[in-house]
Amino acid sequence: MAAVTPTRMVLNQLKGRLKTAQRGHKLLKDKRDELMRRFLEIVKRNRELRASVEAGVTEAYSALSRASAVMSTEMLEQALFFPRTSVELEVAYKSVMSVPVPEYSFSTTGGSATEIYPYGFAQTSGELDEALYKLALVFSDMLELAQVEKTMQLLAEEIEKTRRRVNALEYVMIPEMEQNIKYITMKLDENDLSTKIRLMKVKDMVLKQAHDFKT
Amino acid sequence: MRKIAVLGAHDTVVGFKALGLDTFAADDEGTARAIFKKLTEPDAPYGIIYVEEGLAIPLESEIARFKDDPSVAVILIPGRNGSLGLGSGALQAAIERAVGSKLDN
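One line per chain: the protein sequences are A and B, in this order. Quick note: the first sequence, position 117, residue 117 per the numbering used here, numbers continuous. Quick note: the second sequence, position 6, residue 6 per the numbering used here, numbers continuous.
Bear in mind the hints are in silico, worked out from the structure with no lab data behind them. We put the CB at the ideal spot given by N, CA and C, even for glycine. Incorrect hints may appear among the rest.
[Claimed, not checked] The calculated DSS-like cross-link candidates involving lysine-lysine, where the alpha carbons are at most 30 Å apart (straight line), are: (1) A:K161 - B:K67; (2) B:K3 - A:K182; (3) A:K94 - B:K38; (4) B:K17 - A:K134; (5) B:K67 - A:K29; (6) A:K94 - B:K67; (7) A:K44 - A:K94.
[To be verified] Partial selection, computed: residues in chain A whose CB lies under 7 Å from chain B: (8) V87; (9) E149; (10) I159.
Using the sequences and the hints, build the whole thing.
Here you go:
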């Protein structure tokens, strides 16, 4: 704080900066609160999706285990290894409080979307159909989970940043500026006072001199 | 146009293969790391990478690097042996980061 020069110009500059800082602080605080609100919504959604994905995937695995129990490994691999469809991912970005977050949508190419079984039914077991069906069901949740989880991470980062800025302004920048302003004001007042006193003294002296000179 | 990758143990990924996702089987840490590195190269076409939880433990630091990258989402999925709770761990970590302290439940 010692680094400020106690002049009127610096004082004015500081006052302007303080005003900006205070306005910025208020805005950032609002931003943080809104981000937080959205973040908590997303966390809630994430929790639901995570639970349903984990349950769905585990179920599909166990169906797959059942399938591999009744079919030979070679048959199973042969049935699954040449998918009829291929999934393509479309990524768009939308802005949540100026944080770019991805939005996923997928499209399947080749084959109709309803036809998920890449094999003929003659040599495979019904358990395999069940496993694939379950996996296909859980897949749309998996995709949404990816979107929600990414959004959550990006928002968390932004909130952290904003919170730091808010705190830096609130606890460091603004108090420092206020202190500097106070220091300069006091220094200027002091100068004013001493100038005034000096003038009064000089006036006394001048008067006295003038008086003495006359008589 | 981006693609979706699934990285996991051989048994885990076969099912996803049939769905039409790009699957990568890795049964040990070394291969998993090499594959993950390849999947996350800047010109790789993958927008979402699902990683099996079991393989994600040794890859933790690699995965953490993509947390703030909006172009790649690395999502943990449970493996054959059920959920290890790592996926919800990521949730807790994000909450802790945003709130500044841990929230219960």
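Query raised in the report: Are the Cα atoms of K44 (chain A) and K94 (chain A) separated by 30 Å or less?
Result: With Cα atoms ~20 Å apart, K44 (chain A) and K94 (chain A) stay inside 30 Å; holds.
Query raised in the report: Measuring from the C-beta of E149 (chain A) to each C-beta in chain B, is the shortest one below 7 Å?
Result: holds (6 Å)
Query - Hinted pair K17 (chain B) and K134 (chain A), Cα distance within 30 Å - result: holds (14 Å)
**Report entry** V87 (chain A) as an interface hint toward chain B, with CB separation required under 7 Å
**Finding:** holds (4 Å)
Requested in this report: Assess, step by step, whether the Cα of K161 (chain A) is no farther than 30 Å from the Cα of K67 (chain B), and give holds or violated.
Outcome: Distance of about 14 Å is within 30 Å: holds.
Query raised in the report: Do the alpha carbons of K94 (chain A) and K38 (chain B) lie within 30 Å of each other, as the hint requires?
Result: holds (28 Å)
Report task. Measure nothing beyond the straight line between the CA atoms of K94 (chain A) and K67 (chain B); if it is 30 Å or shorter, mark the hint as holding. Result -> holds (18 Å)
**Report entry** Agreement of K67 (chain B) and K29 (chain A) with the hint, judged by alpha carbon distance not exceeding 30 Å
**Finding:** holds (24 Å)
Query raised in the report: Per the CB criterion, is I159 (chain A) less than 7 Å away from chain B?
Result: Holds - the Cβ of I159 (chain A) comes within 7 Å of chain B, reaching about 4 Å at its closest.
Report task. Verify the proposed pairing of K3 (chain B) with K182 (chain A), using a straight-line Cα cut of 30 Å. Result -> violated (60 Å)
Hint violations for this structure: number 2 only, all remaining hints satisfied.
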